[in-house]
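Assemble the whole structure, with the sequences as input and the hints as a guide.
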Amino acid sequence: MQIYLPIADLPVNIFLVLGMGLAVGFISGMFGIGGGFLMTPLLIFIGISPAVAVASVSSHIAASSFTGAINYWRKRALDIALAMMLLSAGILGTATGVWLFTELRAVDQLDLMIGLSYVTLLTVVGAVMIYESVRAVIRARQGMPATLRRPGSHTWLHGLPFKLRFKRSKIYVSAIPVWAIGFIIGFIGAIMGIGGGFLLVPMLIYFLRVPTTTVIGTSMVLTLVTMASATVMHAATNHLVDGVLALILMVGGVIGAQFGVRTGQKMRGERLRLLLGLLVFAVGLRFAYELVVKPDDLYSLRHVRNE
Amino acid sequence: MRRLALTFLVVLMASSIKPAAAERLVVSLSNHRVPVTSSFTGEDLVLFGTIEPDAGKTALRSAYDLVVTVTGPRHTLRTRRKERVLGIWVNVDSREFVRAPSYLSILSNRPVSDIAHQDVLRRLQIGLDNFLLPQRIGADIADTVRDDPFRVAFVRLETQHGLYRESSTAVTFLTPTVFRAAIPLPADVPTGNYAIDVKLFAGGAMVAGTNSALEVIKAGFEQYVAEAARDYGLFYGFVTALMALVIGWIGSVVFRRD
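Chains G and H, in that order, are what the protein sequence lines are.
Going by our numbering, the final residue of the first sequence carries number 297, and the count climbs one at a time with no gaps.
Going by our numbering, the final residue of the second sequence carries number 260, and the count climbs one at a time with no gaps.
The set of hints was computed from the structure by calculation and includes no laboratory data.
Quantities reported herein were computed from a predicted structural model and do not represent experimental measurements.
Incorrect hints may have been included.
Stated by the list, open to error - Partial pick of chain H residues on the chain G-facing surface, computed with a CB cut under 8 Å:
id : residue
1  : A189
2  : Y238
3  : W251
Think of the CB as a built atom: it goes at the ideal place given N, C-alpha and C, for glycine as much as any other residue.
Quick look at the structure:
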């Protein structure tokens, strides 16, 4: 069944888009991430312009992270104080990202920028995750504890000023790295149409030593607010958010996520991280391939204005 | 002034071969208003017409050729060219096509190059090769040579999208004086006003012409959403974000397990 998307200005098969929402929702529930890094490329692949895809996916991620955040809220597994600190910088990052997005679109380099950020971010993060989880799997085989967590250890980050205490997460850290992480996630999210969950969770664990009990819930609150504000900002400045597309994706995503969570809970942590790392790395390679291989058509068209 | 000169020229050319041309074209379109709704997947419009002798002055000729040019609302597009820079493919060069039709169909009963001489076709802008597509070159706006790479790429890309086409089989003569033309509108047809220009040829010269028009409009929900997104961006954004929250909340309630 075809449905006409009013902003993307093209008809799509409603079941195809719903299926994509379900599949990405399943993966996002399984790994506790937003899934934007998969959804945006998929939408581009079915013919939606990168700009509309990035802008519309932000609302889809807002929906699925809200579902997740409610669940973690019920289990009291999120740190509101930490989330608020991350957010204060995250909103600023999102605004900067939306501004740069508009500028790049004007000079015809947006597609390149999206492609390049995907390649660097996904291959690097994917490789690190694969490396880390393979080591964990090997350690588990040898009968040692799977993760090498040293809760008491301090890095140079802990020597920075403006220290704050976050009671729920039981950490005492400087506000500077918290703000930096919040800004980076907000910025990347607006440019790439991703929630940044797959980046934020490792950053919170490795840099701020946030315990695993509160990390995913807190990350979801941050994703929710940055993506909801990205939706509003993209709609207000670029007029590119396709509400119909977003609605279909949301419905699929929310349902898929519920089944993903159940599957994810049955798997071992390091195996799950290895799978996610492979997935992230593969998507990164796919983008690299596109940038390096000679395109089928060297020419492309872009709409400037109506007369 | 130009039209007057053109008419004069046509009359002059026609009269040099045969007695004064006296045909009249009567056309009718199957539908003047095409609504784009959520289930729109493209549509074929049909243009019917007859060739009539004007006030019984002359007998009709035996062989006619007909060219129908349909142009959509004008917009400005940029054609970009990629080149390899440091191993990756980057947009390096671009040209702006000013006020180009967003939709362009040239429909005829046989290849336009067989219908009239190249000079006539160029003057009347008949065929994709002869249609004026002005580019912004520095401060000037001018059409380029036909084989300019940007122009060729522009026409090729628009043709691939199904928005530009030249078809030499779309016009059929049912009798020597009654014809029908199929105007294909693709699924992603731009909305706005379309001009239909019909030109009748005989013996390599234009003998009559007429115009018609049609309108493609977004209808119902699509129109509502598109207008809201354009005119009330901030409000639209808030509504979309709110929708995300509601769907997310419903999801957590429906699938609640504890």
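Taking the hints in turn, this is what the structure says about them:
Taking 8 Å as the C-beta contact cut-off toward chain G, the hint placing A189/H at the interface holds, the least distance being around 5 Å. A least Cβ separation of about 5 Å between Y238/H and chain G falls short of the 8 Å threshold, and the interface hint therefore holds. Annotation: W251/H was flagged as interfacial toward chain G, and the flag holds, the nearest CB pair being 7 Å apart, inside 8 Å.
In terms of the numbered hints stated before, the structure departs from none.
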